[in-house]
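2 protein chains.
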Amino acid sequence: MVFTINSTPKKDGFRMPGEFEEHKGTWMLWPTRTDTWRSGAKPAQRVYIEVAKAISQFEPVTMCVKADQYENARALLPPNIRIVEISSNDAWMRDIGPTFVKNDKGEVRGVDWGFNAWGGLDEGLYFPWDLDLLVKQKVMDIEQISRYDATDIIIEGGAITVDGEGTLITTEQCVLNPNRNRNLSKKEMEEKLIEYLNVEKIIWLKDGLVGDETDGHVDEVVFFVRPGEVAMGWTDDQNHPQYEVLQDAYKRLSETTDAKGRKLKINKIQMPKQISLSEAESMEIDYSRFSYNRSPNLTFISTYINCYLCNGGVVLPTFNDPQDEHAIAAFQKMFPDRKIVTVNTREISVGGGNIHCITQQQPLG
Amino acid sequence: MVFTINSTPKKDGFRMPGEFEEHKGTWMLWPTRTDTWRSGAKPAQRVYIEVAKAISQFEPVTMCVKADQYENARALLPPNIRIVEISSNDAWMRDIGPTFVKNDKGEVRGVDWGFNAWGGLDEGLYFPWDLDLLVKQKVMDIEQISRYDATDIIIEGGAITVDGEGTLITTEQCVLNPNRNRNLSKKEMEEKLIEYLNVEKIIWLKDGLVGDETDGHVDEVVFFVRPGEVAMGWTDDQNHPQYEVLQDAYKRLSETTDAKGRKLKINKIQMPKQISLSEAESMEIDYSRFSYNRSPNLTFISTYINCYLCNGGVVLPTFNDPQDEHAIAAFQKMFPDRKIVTVNTREISVGGGNIHCITQQQPLG
Numbered sequence: 001m002v003f004t005i006n007s008t009p010k011k012d013g014f015r016m017p018g019e020f021e022e023h024k025g026t027w028m029l030w031p032t033r034t035d036t037w038r039s040g041a042k043p044a045q046r047v048y049i050e051v052a053k054a055i056s057q058f059e060p061v062t063m064c065v066k067a068d069q070y071e072n073a074r075a076l077l078p079p080n081i082r083i084v085e086i087s088s089n090d091a092w093m094r095d096i097g098p099t100f101v102k103n104d105k106g107e108v109r110g111v112d113w114g115f116n117a118w119g120g121l122d123e124g125l126y127f128p129w130d131l132d133l134l135v136k137q138k139v140m141d142i143e144q145i146s147r148y149d150a151t152d153i154i155i156e157g158g159a160i161t162v163d164g165e166g167t168l169i170t171t172e173q174c175v176l177n178p179n180r181n182r183n184l185s186k187k188e189m190e191e192k193l194i195e196y197l198n199v200e201k202i203i204w205l206k207d208g209l210v211g212d213e214t215d216g217h218v219d220e221v222v223f224f225v226r227p228g229e230v231a232m233g234w235t236d237d238q239n240h241p242q243y244e245v246l247q248d249a250y251k252r253l254s255e256t257t258d259a260k261g262r263k264l265k266i267n268k269i270q271m272p273k274q275i276s277l278s279e280a281e282s283m284e285i286d287y288s289r290f291s292y293n294r295s296p297n298l299t300f301i302s303t304y305i306n307c308y309l310c311n312g313g314v315v316l317p318t319f320n321d322p323q324d325e326h327a328i329a330a331f332q333k334m335f336p337d338r339k340i341v342t343v344n345t346r347e348i349s350v351g352g353g354n355i356h357c358i359t360q361q362q363p364l365g
Numbered sequence: 001m002v003f004t005i006n007s008t009p010k011k012d013g014f015r016m017p018g019e020f021e022e023h024k025g026t027w028m029l030w031p032t033r034t035d036t037w038r039s040g041a042k043p044a045q046r047v048y049i050e051v052a053k054a055i056s057q058f059e060p061v062t063m064c065v066k067a068d069q070y071e072n073a074r075a076l077l078p079p080n081i082r083i084v085e086i087s088s089n090d091a092w093m094r095d096i097g098p099t100f101v102k103n104d105k106g107e108v109r110g111v112d113w114g115f116n117a118w119g120g121l122d123e124g125l126y127f128p129w130d131l132d133l134l135v136k137q138k139v140m141d142i143e144q145i146s147r148y149d150a151t152d153i154i155i156e157g158g159a160i161t162v163d164g165e166g167t168l169i170t171t172e173q174c175v176l177n178p179n180r181n182r183n184l185s186k187k188e189m190e191e192k193l194i195e196y197l198n199v200e201k202i203i204w205l206k207d208g209l210v211g212d213e214t215d216g217h218v219d220e221v222v223f224f225v226r227p228g229e230v231a232m233g234w235t236d237d238q239n240h241p242q243y244e245v246l247q248d249a250y251k252r253l254s255e256t257t258d259a260k261g262r263k264l265k266i267n268k269i270q271m272p273k274q275i276s277l278s279e280a281e282s283m284e285i286d287y288s289r290f291s292y293n294r295s296p297n298l299t300f301i302s303t304y305i306n307c308y309l310c311n312g313g314v315v316l317p318t319f320n321d322p323q324d325e326h327a328i329a330a331f332q333k334m335f336p337d338r339k340i341v342t343v344n345t346r347e348i349s350v351g352g353g354n355i356h357c358i359t360q361q362q363p364l365g
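Going line by line, the protein sequences match chains A and B. For what it's worth, our numbering labels the leading residue of the first sequence as 1, then goes sequentially. For what it's worth, our numbering labels the leading residue of the second sequence as 1, then goes sequentially.
Mixed in with the good hints there might be a few duds.
Copies of the same chain look alike in the list, so a pair counts if it fits in one copy or across any two.
Stated by the list, open to error - With a cut-off of at most 27 angstroms between alpha-carbon atoms, the simulated DSS-like pairs for lysine-lysine come out as follows:
id	residue 1	residue 2
1	Lys-206	Lys-53
2	Lys-24	Lys-263
3	Lys-105	Lys-24
4	Lys-66	Lys-42
5	Lys-192	Lys-11
It is worth saying that the hints were derived from the structure and are not from the lab.
Use the sequences and the hints to build the structure in full.
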């Protein structure tokens, strides 16, 4: 029995678990947009497959596809990956999928947030986003998970990261952006986040990374390794485009405490070089009046922080960059009990995100 | 793990259970075709809802809908009915859904038959049927049920009825029709049915009912109440359009034995009057070059036999016909331990089928 609950997770004793807690499985969406992804999305699909395969070493993966891609996806993906027909406008399950919450008895429910394609009619990344709007509910319907209706609050999964023990990190640039929730003050937004994620302490970073077309998602900047401990991108090179943002984020994270009153242990992961499209690659992307113009002079983010934690594993993006090997070593040190699996994800970066952006964990019930 | 098994149910010890055996749940498809269903399919949708609600008293129901009908279906169907996005060309889950098979350990698998819209390019009911072809596999994928590939044999679920103990009843008119499997002899077709349904005895009726656009599906003629016992439509009126077909079917059924050597107990259920569309109703159906022409001078079948057995219940079609009350009494006598729930299904009849045609049971694993 699935129904929409006229209450909030906080009132009902449900909280958003940390990504490092145990999952039932992972949800992904199959990329097809030819005005986001070059060459008919075929190179991106190959990388999505590698990510899905990497995760499926650790836990069940469900890939959602449009009707006309079912056969192709089924032919390309191994049989242990479940494929279901769920239509979407693009392929970012982190932002379009539900935020799952869980109570002490192990019952799982989902939060259905509002969504406006990262900024609405004027500043959003495409139009329309009608199919994206229904993905959360369709996922809950398949899984028969009850739903909290938070569609009056526009927020994406990539804009929040939690420790599962009462602490949320987010950015002002995204969550307080007038292109999302113009009618909510900072205090009102905090109240909403507290009600729907059941957190007690919100740590506000100012900005996300330079070149982030989502208006500064926190999941490109920092994530919780475990309660009390985070990992963030870092560079000592003052000419690196992300230098200033990361300095500011570090200052805020190092000067605060979490919901339990702990100072955060901060792991600094050296950043790779940022990425741009070649002229030839840019020409392989379809033109569309409403969509983000992927020109060769834009900077696309590359960072190891936009990784994904799954049961016993970490799926870590690499970029054929000299920093890759240092990142792998640093991750193995942070996660001595997890297997680190890498995927070269340059093709996803130039679409506007990375492994974290294209996945959504469903906690174990 | 879902995969296509390079074997057959018979070889692996899987059999098709009787419909009267316990179900995990029921699958249905949401009607939308405006060249099958009058008035934009809205009257039909209302009846499908009544059928889904009736079944959901007894067991879980999943309704499959196209992307653009998810919101509407979700608003109209109660929350205890699961809705999943699965696209189809029309809405006959009996014929388009998988045939589930089960072994003694309770493991369930699915047979993926070929399908050609009840007769192919020349004699089929519409074109294309590309989405229908994938429904079986999509259902198995959602449920993570392994698949037998029988796509080289064209058969519909409505063309077969089994007792779960080795006996199958079918019709020559449909299964041996050159518009289905031109290259298979009767003996070869029997071998296929034996391999994929794990039966030992095939009882062949000659024809299905008059006016059956599917070329004579057995599920309009007869069904197994329990092993050793069937119910069939009957009329003593020699002017009733179904008189001759039913005489012939009775003769064949009464003269044969089942796989266990039993004579069949035959319950005769008096037929209601057959149905036709009014001129006004016919004009509410869209014209399409490839689809069946639903003109006011066509006979559409009405029969109580195209009912559906679910856990502890029978969902029985009625037609606002004087025979309705006799049918209800006869069904209650045949099924003393099941609750009989009726739905007036005239609106489905004029689309070409009835409750059995729009449902598919998934056996309990």
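Okay, the hints, checked on the actual structure:
Proximity of Lys-206 to Lys-53 under the C-alpha cut-off of 27 angstroms is found in neither arrangement, the shortest distances being 35 angstroms within a copy and 51 angstroms between copies. Taking the closest pair of Cα atoms, Lys-24 and Lys-263 never come within 27 angstroms of each other, the shortest separation being 31 angstroms inside a single copy and 51 angstroms across copies. Taking the shortest alpha-carbon separations for Lys-105 and Lys-24, both the intra-copy value of 15 angstroms and the inter-copy value of 25 angstroms come in at or below 27 angstroms. In this homomeric assembly, Lys-66 and Lys-42 come within 27 angstroms of each other (Cα to Cα) both inside a single copy, at 15 angstroms, and across copies, at 25 angstroms.
Taking identical chains as interchangeable, the C-alpha atoms of Lys-192 and Lys-11 lie at most 27 angstroms apart only when both belong to the same chain, with a minimum of 12 angstroms there against 58 angstroms between chains.
Hints 1, 2 from the earlier list are contradicted by this structure; the remaining hints agree with it.
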